[in-house]
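A.B. asks: Read off the chains here:
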Amino acid sequence: MIKFTNVYKRYPGEMDVLQDISLAINAGELVFVTGSSGAGKSTLLKLISAVEKPTSGTIFFENQNLSYLKKNEMPFLRRKFGMIFQDHKLLYDRTCFDNVLLPLAINDSDPSDIGRRVRAALNKVGLLEKEKLMPITLSGGEQQRLAIARAIVSRPSVLIADEPTANLDRGYADEIMNIFYSFQQVGVTVIISSHEIPSTQMKYKELHISKGSLNNVPLLT
Amino acid sequence: MFRFLHNHYHALIQGLIRIRANWIGSVMMFLVIGITLSLPTTGFLLIQNASQISNKIQYEAELSIFLDKEIKAEQVDFLHSALKKNSLVKKIHFEPKLVAWEKLQAQLNLSSIEDGVSKNPLPDAFFISLNTLETKKIDSFVTDLKAIEGIEEIVLDGGWVKKLRSILYLIKIGILILGSLLITVLVVVITNTVRLQTLTYQNEIEVSRLIGATNAFIQRPFEYTGLIYGLGGGLVTLGILKIILVSFNLVADRVENLIGGNITLNTFSVEQSIFIIIIAMFAGWIASYIAAKQAIHKLEKNY
Numbered sequence: 001m002i003k004f005t006n007v008y009k010r011y012p013g014e015m016d017v018l019q020d021i022s023l024a025i026n027a028g029e030l031v032f033v034t035g036s037s038g039a040g041k042s043t044l045l046k047l048i049s050a051v052e053k054p055t056s057g058t059i060f061f062e063n064q065n066l067s068y069l070k071k072n073e074m075p076f077l078r079r080k081f082g083m084i085f086q087d088h089k090l091l092y093d094r095t096c097f098d099n100v101l102l103p104l105a106i107n108d109s110d111p112s113d114i115g116r117r118v119r120a121a122l123n124k125v126g127l128l129e130k131e132k133l134m135p136i137t138l139s140g141g142e143q144q145r146l147a148i149a150r151a152i153v154s155r156p157s158v159l160i161a162d163e164p165t166a167n168l169d170r171g172y173a174d175e176i177m178n179i180f181y182s183f184q185q186v187g188v189t190v191i192i193s194s195h196e197i198p199s200t201q202m203k204y205k206e207l208h209i210s211k212g213s214l215n216n217v218p219l220l221t
Numbered sequence: 222m223f224r225f226l227h228n229h230y231h232a233l234i235q236g237l238i239r240i241r242a243n244w245i246g247s248v249m250m251f252l253v254i255g256i257t258l259s260l261p262t263t264g265f266l267l268i269q270n271a272s273q274i275s276n277k278i279q280y281e282a283e284l285s286i287f288l289d290k291e292i293k294a295e296q297v298d299f300l301h302s303a304l305k306k307n308s309l310v311k312k313i314h315f316e317p318k319l320v321a322w323e324k325l326q327a328q329l330n331l332s333s334i335e336d337g338v339s340k341n342p343l344p345d346a347f348f349i350s351l352n353t354l355e356t357k358k359i360d361s362f363v364t365d366l367k368a369i370e371g372i373e374e375i376v377l378d379g380g381w382v383k384k385l386r387s388i389l390y391l392i393k394i395g396i397l398i399l400g401s402l403l404i405t406v407l408v409v410v411i412t413n414t415v416r417l418q419t420l421t422y423q424n425e426i427e428v429s430r431l432i433g434a435t436n437a438f439i440q441r442p443f444e445y446t447g448l449i450y451g452l453g454g455g456l457v458t459l460g461i462l463k464i465i466l467v468s469f470n471l472v473a474d475r476v477e478n479l480i481g482g483n484i485t486l487n488t489f490s491v492e493q494s495i496f497i498i499i500i501a502m503f504a505g506w507i508a509s510y511i512a513a514k515q516a517i518h519k520l521e522k523n524y
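Protein chains in written order, with the numbering used here: chain A, 1 to 221; chain B, 222 to 524.
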């Protein structure tokens, strides 16, 4: 589904953030991208989701070479991913309902179906009764769940989460991880960046990055 | 089609929400646009009224040809037939000196004996209307006429109307230039306001981009905001014009009673009013388009 071949990423005036990355992620896999702060985890996720382009090397997503993707085609590719950010990136001037509605508005979804889908996504993360509240009134864990609802509402084939539990206590973190596992079980590819692997019984793949290079770790169960 | 309209409806609502969220700034923007646009439009209104008055004046180039007092009757007949045949001449009227003298005496209610004027001082004259207003043709015709023996003097009448129209035309051009400059100023002011607004909504722009929004989707609410600024500003302009007109006509009405005549101003037609609003909305749209485009471009450079 996702294939990196000899990918390098360098920002102007900096050393290579990522060096010679080659990897493959299959559809429906649960993948943890691990490594210390500044190792290049977030950059790897940005390359996967076509937020950024590699300096060299090739990235294929569903047999499509992202290097050849035109600028105006990028937004349509990004819609295939559900993105969850460490800082949530919620819009605090609108309700929870309107936050979750945003991807559907962007995707040009059927207006008559929008309300039902937003409520289904909120229900999935247990925030249905808070649809009219503003995000600022939610706790940290709830805000992250709201961000997940926004990511899943357009039914993406890949969920990408950048350190989704970094600022949460253990209870909230487990709750969030369980939501991700439930999506992986219904066939969604889930890619999560984290400092370390959370304790889980799930089958997963680990991509460990150290100083911009990938240390291949065998598939664990 | 329904989805397309729904998208635009969604953007319009977002635009209105942004206007409401900063309603004091928005009202200020309406006033800025309204007052700025009212300057050239008031000028145009005055010119339009002046043009309407000048158009009511029937204008034809007229020549008064005064003949030599000693001219012979055969020469007059020859001139008469020659002028009649000329393609530039539309109408011709011959006024013999005796008739002119009688008319003058009747007008001034005097007799030659009483006033000691024993001789008729007036010459024979032709009064002709030309079927052209072209200065070159008229000048060449006058030069040809002056060369004819027996013609003492030629006077071109009605030139002042032409001069008035030329002045009005020049003022119109001046107002057009001033209007264009003021619209440019408006575009700059609105661009700056919407640019500040894009900073407020930078988070939304960034999130939208990350989850797959096209530039058009991100820009649309800002463009609607610009259009609403233009609409509000255009309506303020029409309101200001209405106040100016009502105030002017109130005073003009009193002056008319004193000096007579018609000096009240007519307002713009419905089409012209709509045109003013369209111009204001266009300025608002183009300014917000530039501002939003810049904001997205700046954000793209960060990735």
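Just so you know, the hints here were simulated from the structure itself, not pulled from any lab data.
All C-beta atoms, glycine included, are put in the ideal place defined by N, C-alpha and C.
Each hint should be verified, as a subset may be incorrect.
[Said to hold, decoys possible] Mimicking PhoX-like on lysine-lysine, the simulated pairs with C-alpha atoms at most 25 Å apart in a straight line are:
1. K70(A) x K311(B)
2. K514(B) x K70(A)
3. K514(B) x K46(A)
4. K311(B) x K384(B)
5. K519(B) x K46(A)
6. K306(B) x K324(B)
[What the hints assert, rightly or not] A few chain B residues that face chain A, going by a derived Cβ cut-off under 8 Å, partial list only:
7. R224
8. H227
9. H229
10. H231
11. V320
12. A321
13. Q423
14. N424
15. E425
16. V428
17. I432
18. G433
19. F438
[Stated by the list, open to error] To list a few chain B residues with every Cβ distance to chain A over 12 Å, as calculated:
20. L226
21. R239
22. L309
23. K340
24. I388
25. E427
26. A434
27. D474
28. I495
29. I499
A.B. asks: All hints, please: hold or fail.
C.D. replies: Results of checking the hints against the structure:
1. K70(A) x K311(B): Cα-Cα ~71 Å, so violated.
2. K514(B) x K70(A): holds, 18 Å
3. K514(B) x K46(A): holds, 23 Å
4. K311(B) x K384(B): holds, 22 Å
5. K519(B) x K46(A): Roughly 18 Å separates the two Cα atoms, so the pair holds.
6. K306(B) x K324(B): violated, 29 Å
7. R224: holds, 5 Å
8. H227: Hint holds; H227(B) Cβ to chain A Cβ min 4 Å, cut 8 Å.
9. H229: Status violated, d = 11 Å.
10. H231: Hint holds; H231(B) Cβ to chain A Cβ min 6 Å, cut 8 Å.
11. V320: Violated - the Cβ of V320(B) stays beyond 8 Å from chain A, reaching only about 86 Å at its closest.
12. A321: It is violated, given that the least Cβ distance between A321(B) and chain A is near 84 Å, above 8 Å.
13. Q423: Cβ of Q423(B) sits 11 Å from chain A, so the hint is violated.
14. N424: Status holds, d = 7 Å.
15. E425: holds, 5 Å
16. V428: holds, 5 Å
17. I432: For I432(B), the interface hint holds, since the closest Cβ of chain A sits about 5 Å away, which is under 8 Å.
18. G433: Check passed: Cβ of G433(B) comes within 4 Å of chain A, closer than 8 Å.
19. F438: holds, 6 Å
20. L226: violated, 9 Å
21. R239: violated, 9 Å
22. L309: Label holds. Min Cβ-Cβ 65 Å, cutoff 12 Å.
23. K340: At roughly 95 Å from the nearest Cβ of chain A, K340(B) sits farther out than 12 Å, so the non-interface label holds.
24. I388: I388(B) clear of chain A: closest Cβ-Cβ about 53 Å, beyond 12 Å.
25. E427: Not fine: 7 Å to the nearest Cβ puts E427(B) too close to chain A.
26. A434: The claim is violated: A434(B) sits with its nearest Cβ about 5 Å from chain A, within 12 Å.
27. D474: holds, 53 Å
28. I495: Label holds. Min Cβ-Cβ 31 Å, cutoff 12 Å.
29. I499: I499(B) is indeed farther than 12 Å from all Cβ atoms of chain A, at 29 Å.
Consistency note: the structure conflicts with the earlier hints numbered 1, 6, 9, 11, 12, 13, 20, 21, 25 and 26.
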